Amino acid sequence: NAGVTQTPKFQVLKTGQSMTLQCAQDMNHNSMYWYRQDPGMGLRLIYYSASEGTTDKGEVPNGYNVSRLNKREFSLRLESAAPSQTSVYFCASSQTSGRAVGQQFFGPGTRLTVL
Amino acid sequence: RKEVEQDPGPFNVPEGATVAFNCTYSNSASQSFFWYRQDCRKEPKLLMSVYSSGNEDGRFTAQLNRASQYISLLIRDSKLSDSATYLCVVTSYSSASKIIFGSGTRLSIRP
Numbered sequence: 003n004a005g006v007t008q009t010p011k012f013q014v015l016k017t018g019q020s021m022t023l024q025c026a027q028d029m030n031h032n033s034m035y036w037y038r039q040d041p042g043m044g045l046r047l048i049y050y051s052a053s054e055g056t057t058d059k060g061e062v063p064n065g066y067n068v069s070r071l072n073k074r075e076f077s078l079r080l081e082s083a084a085p086s087q088t089s090v091y092f093c094a095s096s097q098t099s100g101r102a103v104g105q106q107f108f109g110p111g112t113r114l115t116v117l
Numbered sequence: 545r546k547e548v549e550q551d552p553g554p555f556n557v558p559e560g561a562t563v564a565f566n567c568t569y570s571n572s573a574s575q576s577f578f579w580y581r582q583d584c585r586k587e588p589k590l591l592m593s594v595y596s597s598g599n600e601d602g603r604f605t606a607q608l609n610r611a612s613q614y615i616s617l618l619i620r621d622s623k624l625s626d627s628a629t630y631l632c633v634v635t636s637y638s639s640a641s642k643i644i645f646g647s648g649t650r651l652s653i654r655p
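Chains as they are written, first to last, in the working numbering: chain A, 3 to 117; chain B, 545 to 655.
In case anyone wonders, no lab produced these hints; they're calculated from the structure. Being a predicted model, the structure only gives us computed values, none of them experimental. Note that beta-carbon positions come from the ideal geometry of N, C-alpha and C, so glycine has one too. A couple of the hints might just be wrong.
To spell it out: a stretch of chain A is covered by chain B in this simulated footprint if at least three of its residues, at any positions, have a beta carbon under 8 Å from a beta carbon of chain B; those stretches are [said to hold, decoys possible]:
no.: 1; region: 16-23
no.: 2; region: 108-114
Distance condition first, Cα-Cα at most 25 Å in a straight line; then the derived SDA-like pairs of lysine to any residue [to be verified]:
no.: 3; chain 1: B; residue 1: Lys642; chain 2: A; residue 2: Gln97
no.: 4; chain 1: B; residue 1: Lys586; chain 2: B; residue 2: Asp601
no.: 5; chain 1: B; residue 1: Lys589; chain 2: A; residue 2: Val62
no.: 6; chain 1: B; residue 1: Lys586; chain 2: B; residue 2: Gln613
no.: 7; chain 1: B; residue 1: Lys642; chain 2: A; residue 2: Leu80
no.: 8; chain 1: B; residue 1: Lys623; chain 2: A; residue 2: Thr9
no.: 9; chain 1: B; residue 1: Lys586; chain 2: A; residue 2: Thr115
no.: 10; chain 1: B; residue 1: Lys642; chain 2: A; residue 2: Val62
no.: 11; chain 1: B; residue 1: Lys546; chain 2: A; residue 2: Gln105
no.: 12; chain 1: B; residue 1: Lys589; chain 2: A; residue 2: Pro85
no.: 13; chain 1: A; residue 1: Lys16; chain 2: A; residue 2: Pro85
no.: 14; chain 1: B; residue 1: Lys642; chain 2: A; residue 2: Asp58
no.: 15; chain 1: A; residue 1: Lys59; chain 2: A; residue 2: Lys73
no.: 16; chain 1: B; residue 1: Lys586; chain 2: A; residue 2: Pro85
no.: 17; chain 1: B; residue 1: Lys589; chain 2: A; residue 2: Lys16
no.: 18; chain 1: B; residue 1: Lys586; chain 2: B; residue 2: Arg610
no.: 19; chain 1: B; residue 1: Lys642; chain 2: B; residue 2: Tyr569
no.: 20; chain 1: B; residue 1: Lys586; chain 2: B; residue 2: Ile653
no.: 21; chain 1: B; residue 1: Lys546; chain 2: B; residue 2: Tyr569
no.: 22; chain 1: B; residue 1: Lys642; chain 2: B; residue 2: Ser597
no.: 23; chain 1: B; residue 1: Lys642; chain 2: A; residue 2: Ser99
no.: 24; chain 1: A; residue 1: Lys59; chain 2: B; residue 2: Ser627
no.: 25; chain 1: A; residue 1: Lys59; chain 2: B; residue 2: Tyr569
no.: 26; chain 1: B; residue 1: Lys589; chain 2: A; residue 2: Asn32
no.: 27; chain 1: B; residue 1: Lys546; chain 2: A; residue 2: Thr88
no.: 28; chain 1: B; residue 1: Lys642; chain 2: A; residue 2: Lys16
no.: 29; chain 1: B; residue 1: Lys546; chain 2: A; residue 2: Val62
no.: 30; chain 1: A; residue 1: Lys73; chain 2: A; residue 2: Thr22
no.: 31; chain 1: B; residue 1: Lys546; chain 2: A; residue 2: Lys16
Extracted from the complex, chain B is given alone in its bound form (with noise of 0.2 Å):
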C-alpha cells in the first residue's frame, strides 16, 4: 500500500460546480499536511496548508480527518484556471525523508 494515495482522476467538471477530492495517508504519525498545485510541464506549487481544525482560502477549503487518516480539497465556484493536478503531501518534523507526495489528482474544468 502506498504511503499516500489520490484518486488519479480526471475528474472532468463544469465551470461554476463544486468539486472535492480526498487523500488517505498511512502513517498516524504523519503531523504536517499541504495541497500542491501543478499545472501540465511546471513545478509544483503550494496550494494551501491543511490545519487540523480546517481551513479556507477563498474558493478553496482544506480538512483533515486524522481518525480516517484522510485530508481533503473542496473547490467552490470552479474556474476554468483551476484545471490542474492537485497534489497531497504529507510531512513529519522529525526528517525531511518523510516528506511524502501524493501522484495527485488530475482535475479539468471545462465551459
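Bound conformation, chain A alone (with noise of 0.2 Å):
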C-alpha cells in the first residue's frame, strides 16, 4: 500500500499564483487533514476534514481552501499565494473517532517556495 501520497514534492511560485496540491490516501481513513509546517512553530493544523462531504477550518486557514473530491483525495488550493505561505505542507489521514484521530499517518510533504 503507497499510504498517503502527495503531489508536487517541490514547488516555487512566485507572489499572487496559484497552485493546488493534491493529497490520497489508500486505507479506508474517513478523516484527513492538512498542515503547515514553520520552522520553530511546529505542525499547525489548516483544513480537516472529517468525513468525505464535510470539511471545516483549523488554526491557520487563511489563505486556503478545500476539497474532499472523494474519500481518498483532499486537495489544498492557494488561490494567491504570499512570501508567508513558503512552508512545507503535510497531508495525513486517520480513522475519525476517539482516539484513532490522533493516530494519523502522513504524506512526505510538499516544500512550497513564495517568491
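Put the two chains together into one complex; each comes in its own frame, and the hints tell you how they fit.
Structure follows, in C-alpha cells:
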C-alpha cells in the first residue's frame, strides 16, 4: 500500500500565483488533514475533513481553500500565493473516532517557496 | 502560553545513554496523548500512544501525569538511529481541530 501520497514534492511560486496541492490515501480513512510546518512553530492545522463531503477550518485557514473530492482525495488550494505561505505542507489521514484521531498517517510533504 | 510546550533541545547524548524529555499541555480537558518521531526533512510518524497507566514499547517508555499536565518519553540504551525530533501531540475527542502538535525536541545521539 502507498499510504498517503502528495504531489508535488517541491514547488516554487511567484507572489500572486495559484496552485493546488494534491493528497490521496489508500487506507480507507474517513478523516483527512492539511498542516503546515514552519521552523520553531510545529505543525499547525490548516483545514480538516472529518468525512467525505465535510470540511472545517483549523488553526490557520486564511489564504487557503480545500476540496474533499472523494473518500481518498483531499486537495489544498492557494488562490493567490504570498511569501508568508512559504512552508512545508503535510497531508495526513486517520480514522475518525476517539483515540484514532490522534493516530495519524502523514504524506511525505510538499516544500513550497513563494518568491 | 502555548497549548503544548516542549524543550526544543537539542539533547546531545552518547550512544547507550538513557534520555528523557517532557511535554506540558495547558488544556486540562485534553484526552489523548501521543509521541511522534520526525526525521530531518521527513514526515512525522507515530511512535507510540500514551496511556494513563504508562506504557512501554521496547526501549521506549511513555508516561502521563494528568495532575501536573505533562507527558514524558524515556529512551533507554539509545541508538544512533534514535536521532530525530520528537513531537508530542495532544487531542480531544470532540473535534479534530483540537489536535495540537508540540514544536518538537531534537535529539542527537553521538557514537
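The hints, checked one at a time:
1. Three residues within the 8 Å Cβ limit are the bar, and the region 16-23 of chain A against chain B gives 0, so the coverage statement is violated.
2. Beta-carbon proximity to chain B at under 8 Å applies to 4 residues in the region 108-114 of chain A; the threshold of 3 is reached and the given coverage holds.
3. Between the alpha carbons of lysine 642 of chain B and glutamine 97 of chain A the distance comes to roughly 15 Å, so the proposed pair stays at or under 25 Å and holds.
4. For the hint linking lysine 586 of chain B to aspartate 601 of chain B, the alpha-carbon distance of about 22 Å falls within 25 Å, and the restraint holds.
5. Distance restraint check for lysine 589 of chain B and valine 62 of chain A: the Cα-Cα separation of roughly 22 Å lies within the 25 Å cut-off, and the hinted pair is therefore satisfied.
6. With a C-alpha separation of about 29 Å, the suggested pair lysine 586 of chain B and glutamine 613 of chain B falls outside the 25 Å cut-off, and the hint is violated.
7. At most 25 Å may separate the alpha-carbon atoms for a hinted pair to count; lysine 642 of chain B and leucine 80 of chain A meet this at roughly 23 Å.
8. With a C-alpha separation of about 33 Å, the suggested pair lysine 623 of chain B and threonine 9 of chain A falls outside the 25 Å cut-off, and the hint is violated.
9. Straight-line distance between C-alpha atoms of lysine 586 of chain B and threonine 115 of chain A comes to about 17 Å, which keeps the hinted pair within the 25 Å bound.
10. Between lysine 642 of chain B and valine 62 of chain A, the direct Cα distance comes to roughly 13 Å. Compliance with the 25 Å bound is thereby established for this hinted pair.
11. Using a Cα cut-off of 25 Å, the hinted pair lysine 546 of chain B and glutamine 105 of chain A holds, with the two alpha carbons roughly 22 Å apart.
12. Pair hint lysine 589 of chain B plus proline 85 of chain A does not hold up; C-alpha atoms about 28 Å apart against a cutoff of 25 Å.
13. At most 25 Å may separate the alpha-carbon atoms for a hinted pair to count; lysine 16 of chain A and proline 85 of chain A meet this at roughly 8 Å.
14. The hinted pair formed by lysine 642 of chain B and aspartate 58 of chain A meets the criterion: a straight-line CA distance of about 12 Å does not exceed 25 Å.
15. Taking the CA atoms of lysine 59 of chain A and lysine 73 of chain A, the gap is near 18 Å; set against the 25 Å cutoff, the hint holds.
16. Our distance criterion of 25 Å between C-alpha atoms is met by lysine 586 of chain B and proline 85 of chain A, whose separation comes to about 22 Å.
17. Between lysine 589 of chain B and lysine 16 of chain A, the direct Cα distance comes to roughly 32 Å. Violation of the 25 Å bound is thereby established for this hinted pair.
18. Simply put, lysine 586 of chain B and arginine 610 of chain B have alpha-carbon atoms about 31 Å apart, too far for the 25 Å limit, and the pair is violated.
19. Of the supplied pair hints, the one linking lysine 642 of chain B and tyrosine 569 of chain B holds, its CA atoms being roughly 12 Å apart against a limit of 25 Å.
20. With a CA separation close to 18 Å, the supplied pair lysine 586 of chain B and isoleucine 653 of chain B stays within the 25 Å bound.
21. Restraint check for lysine 546 of chain B and tyrosine 569 of chain B: the C-alpha separation of about 8 Å stays at or below 25 Å, so the hint holds.
22. Straight-line distance between C-alpha atoms of lysine 642 of chain B and serine 597 of chain B comes to about 23 Å, which keeps the hinted pair within the 25 Å bound.
23. Taking the CA atoms of lysine 642 of chain B and serine 99 of chain A, the gap is near 14 Å; set against the 25 Å cutoff, the hint holds.
24. Proposed proximity of lysine 59 of chain A and serine 627 of chain B is contradicted: the alpha carbons are some 34 Å apart, above 25 Å.
25. Pair hint lysine 59 of chain A plus tyrosine 569 of chain B holds up; C-alpha atoms about 22 Å apart against a cutoff of 25 Å.
26. For the suggested pair lysine 589 of chain B and asparagine 32 of chain A, the alpha carbons sit about 19 Å apart, so the restraint of at most 25 Å is met.
27. Only pairs whose Cα atoms come within 25 Å are accepted, and lysine 546 of chain B paired with threonine 88 of chain A is accepted, the gap being roughly 22 Å.
28. Our distance criterion of 25 Å between C-alpha atoms is broken by lysine 642 of chain B and lysine 16 of chain A, whose separation comes to about 33 Å.
29. Distance hint between lysine 546 of chain B and valine 62 of chain A is fulfilled; the C-alpha atoms sit about 15 Å from each other, no more than 25 Å.
30. Between lysine 73 of chain A and threonine 22 of chain A the alpha-carbon distance is near 18 Å, which keeps this suggested pair within the 25 Å criterion.
31. About 32 Å separates the Cα atoms of lysine 546 of chain B and lysine 16 of chain A, which puts this hinted pair outside 25 Å; it is violated.
Checked against the numbered hints given earlier, the structure breaks hints 1, 6, 8, 12, 17, 18, 24, 28 and 31 and satisfies all the rest.
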